[in-house]
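Just so you know, the protein sequences line up as chains B and Z, in that order.
Take 1 as the starting number for the first sequence in this note's numbering and just add one per residue.
Take 1 as the starting number for the second sequence in this note's numbering and just add one per residue.
Take these hints with a grain of salt, some might be off.
[Unchecked claim] Negatives, chain Z to chain B, calculated, CB over 12 Å:
{"no.": "1", "residue": "Gln29"}
{"no.": "2", "residue": "Met59"}
{"no.": "3", "residue": "Trp73"}
{"no.": "4", "residue": "Ala98"}
{"no.": "5", "residue": "Ala100"}
{"no.": "6", "residue": "Gln103"}
{"no.": "7", "residue": "Leu108"}
{"no.": "8", "residue": "Leu109"}
{"no.": "9", "residue": "Pro115"}
{"no.": "10", "residue": "Lys119"}
{"no.": "11", "residue": "Gly130"}
{"no.": "12", "residue": "Trp141"}
[What the hints assert, rightly or not] Below, a sample of chain B positions facing chain Z; criterion: calculated Cβ distance under 7 Å:
{"no.": "13", "residue": "Arg15"}
{"no.": "14", "residue": "Gly30"}
{"no.": "15", "residue": "Tyr42"}
{"no.": "16", "residue": "Phe62"}
{"no.": "17", "residue": "Ala63"}
{"no.": "18", "residue": "Tyr66"}
{"no.": "19", "residue": "Ile85"}
{"no.": "20", "residue": "Ile111"}
{"no.": "21", "residue": "Leu160"}
{"no.": "22", "residue": "Tyr162"}
{"no.": "23", "residue": "Leu187"}
{"no.": "24", "residue": "Ala188"}
If you are wondering where the hints come from, they were derived from the structure by calculation, not from laboratory data.
Backbone N, C-alpha and C define an ideal beta-carbon position, used for all residues, glycine too.
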Amino acid sequence: MEILLGQEEAVTAERDLILKAQAGESDAFGELVQRYMRRAYYAALGFVGSPEDAMDLSQDAFARAYRARHRINPDMPFYTWYYQILRRLCFNFTRDRSLHRRKIRDQKSWIVDDATFRSSERDPQRNIEREEIRRKVREAIDTLPDREREVLVLKEFEGLKYREIADVVGIPIGTVMSRLYSARKHLAAAIEEMER
Amino acid sequence: MTGNHEEHPERARALMMAALDGELSSVEQAELDRMLFTDETLREEWERLKTVKEVTGTMTFREPPEEVWDRYWVSIYNQAERGLGWLLFSVGLIGVFAWAGWQWVDELLADTGIPIWVKLAIFAAVFGGGILFFSVVRERWFTRRHDPYREVKR
Numbered sequence: 001m002e003i004l005l006g007q008e009e010a011v012t013a014e015r016d017l018i019l020k021a022q023a024g025e026s027d028a029f030g031e032l033v034q035r036y037m038r039r040a041y042y043a044a045l046g047f048v049g050s051p052e053d054a055m056d057l058s059q060d061a062f063a064r065a066y067r068a069r070h071r072i073n074p075d076m077p078f079y080t081w082y083y084q085i086l087r088r089l090c091f092n093f094t095r096d097r098s099l100h101r102r103k104i105r106d107q108k109s110w111i112v113d114d115a116t117f118r119s120s121e122r123d124p125q126r127n128i129e130r131e132e133i134r135r136k137v138r139e140a141i142d143t144l145p146d147r148e149r150e151v152l153v154l155k156e157f158e159g160l161k162y163r164e165i166a167d168v169v170g171i172p173i174g175t176v177m178s179r180l181y182s183a184r185k186h187l188a189a190a191i192e193e194m195e196r
Numbered sequence: 001m002t003g004n005h006e007e008h009p010e011r012a013r014a015l016m017m018a019a020l021d022g023e024l025s026s027v028e029q030a031e032l033d034r035m036l037f038t039d040e041t042l043r044e045e046w047e048r049l050k051t052v053k054e055v056t057g058t059m060t061f062r063e064p065p066e067e068v069w070d071r072y073w074v075s076i077y078n079q080a081e082r083g084l085g086w087l088l089f090s091v092g093l094i095g096v097f098a099w100a101g102w103q104w105v106d107e108l109l110a111d112t113g114i115p116i117w118v119k120l121a122i123f124a125a126v127f128g129g130g131i132l133f134f135s136v137v138r139e140r141w142f143t144r145r146h147d148p149y150r151e152v153k154r
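Just chain B, with the same shape it has in the complex (with noise of 0.2 Å):
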């Protein structure tokens, strides 16, 4: 029941920033973006891969947004209007830099094991199978398709429910359910691989 409680007052302390910032006062704008600042990075990181242009991307979309704010619903929830306008600029970066053959601009991986993770291991052989393990699924994850990678970062890194990501995302759940699907038997599949 409190929880409840407290995600209604979220809701309406959030309406009230939006409608602020649309009346201008950029303040409650500045609120709302410290708000879901490291969530936008962190989803724009698990398309692009490489912090810098992480930074730059959900910066530039929260820029969009606030140009645009007279455009919010304040009865929708603010991150996932502005979900729509970050994953459209990182599919069009993404394809750019395809396009273009552009190199990732940070070759060190976006991903990092969780530090209470680490050294769970006893056996240091067992120890660095699991690291080769670990290793080969970064790079499987970086090989995935964009809408395969979303879904599986919206999951797995920011451990949002199937319903939450169908709703950033705009799909259906059982959409989620098979791109979750794709994407793990791919990791699966590179696993497999460097057993034989």
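Fit chain Z to the given chain B structure using the hints.
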């Protein structure tokens, strides 16, 4: 429904995904268990997918330095402000050039020393240039909006 996933591959996949992500009801869990019990191929696939889930579960995003968040909103505000600046600058410049062009054409037409065919030639060149410019701009704008493959990797 039988437990053979080949008859209902979509259902089996959906159940496996939901099971991995903790979004399965007890009824659906029982359905998946039945499928796994009767189908060895599905069991093998299930084990592979579980391994993937275990691995991805140990991964997270590489975090940027904390300082970037301090400048984040300021950069966006500056970007948006400059966007407005560029828009006003461009609109103003187009207005000034349009006015200057009109003055030039007006003076040209009023000048009785220039033969009429030269005036017509200049007028045709300027008018043709205008048509070409708008045609190219319109085509690019239309392609950008309606390209069905714009999100497709080539």
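A quick look at each hint next to the structure:
1. Under the 12 Å C-beta cut-off, the non-interface status given to glutamine 29 of chain Z relative to chain B holds; the minimum distance is some 16 Å.
2. The claim that methionine 59 of chain Z lies off the interface is violated: its Cβ sits roughly 5 Å from the closest Cβ of chain B, which falls inside the 12 Å cut-off.
3. A beta-carbon of chain B comes within 12 Å of the beta-carbon of tryptophan 73 of chain Z; the shortest separation is about 5 Å.
4. Every Cβ of chain B is farther than 12 Å from the Cβ of alanine 98 of chain Z; the closest lies at roughly 25 Å, confirming the non-interface assignment.
5. Annotated as non-interface, alanine 100 of chain Z keeps its C-beta farther than 12 Å from every C-beta of chain B; the closest such distance is 30 Å.
6. Every CB of chain B is more than 12 Å from the CB of glutamine 103 of chain Z (nearest about 34 Å), matching its label as outside the interface.
7. Even its closest Cβ contact with chain B, about 40 Å, leaves leucine 108 of chain Z beyond 12 Å, as expected for a residue assigned away from the interface.
8. Every beta carbon of chain B lies more than 12 Å from that of leucine 109 of chain Z, the smallest distance being close to 41 Å; the non-interface claim holds.
9. At roughly 50 Å, the least C-beta separation between proline 115 of chain Z and chain B is larger than 12 Å, which holds for a residue marked as non-interface.
10. Distance check on lysine 119 of chain Z: its Cβ is at least 44 Å (rounded) from any Cβ of chain B, clearing the 12 Å threshold; non-interface status holds.
11. Its beta-carbon lying about 29 Å from the closest one in chain B, glycine 130 of chain Z satisfies the requirement of being farther than 12 Å from that chain.
12. Residue-level check passed: tryptophan 141 of chain Z sits 15 Å from the nearest beta carbon of chain B, beyond 12 Å.
13. With its C-beta approaching chain Z no nearer than about 20 Å, arginine 15 of chain B sits outside the 7 Å limit, and its interface hint is violated.
14. Look at glycine 30 of chain B: its Cβ gets to within about 5 Å of chain Z, closer than 7 Å, so that hint holds up.
15. A least Cβ separation of about 5 Å between tyrosine 42 of chain B and chain Z falls short of the 7 Å threshold, and the interface hint therefore holds.
16. Evaluation of the phenylalanine 62 of chain B hint against chain Z yields a held restraint, the C-beta minimum of about 5 Å falling below 7 Å.
17. Interface restraint check for alanine 63 of chain B: the shortest CB-CB distance to chain Z comes to about 4 Å, inside 7 Å, so the restraint holds.
18. Interface hint status for tyrosine 66 of chain B: upheld, as the beta-carbon distance to the closest one in chain Z is roughly 4 Å, under 7 Å.
19. Taking 7 Å as the C-beta cut-off, the interface hint given for isoleucine 85 of chain B is violated, the closest approach to chain Z being about 13 Å.
20. Contact between isoleucine 111 of chain B and chain Z, as hinted, is supported at the beta carbon level, the nearest pair being about 5 Å apart and thus within 7 Å.
21. Given hint, leucine 160 of chain B at the interface with chain Z, is violated; its Cβ is 10 Å from that chain's nearest Cβ, farther than 7 Å.
22. With a cut of 7 Å, the hint placing tyrosine 162 of chain B at the interface with chain Z holds, because the nearest CB-to-CB distance is about 6 Å.
23. At a threshold of 7 Å, the smallest CB-CB gap from leucine 187 of chain B to chain Z is about 5 Å, leaving the interface hint in force.
24. Restraint check, alanine 188 of chain B versus chain Z: the minimum CB separation of about 4 Å is within 7 Å; hint holds.
Hints 2, 3, 13, 19 and 21 from the earlier list are contradicted by this structure; the remaining hints agree with it.
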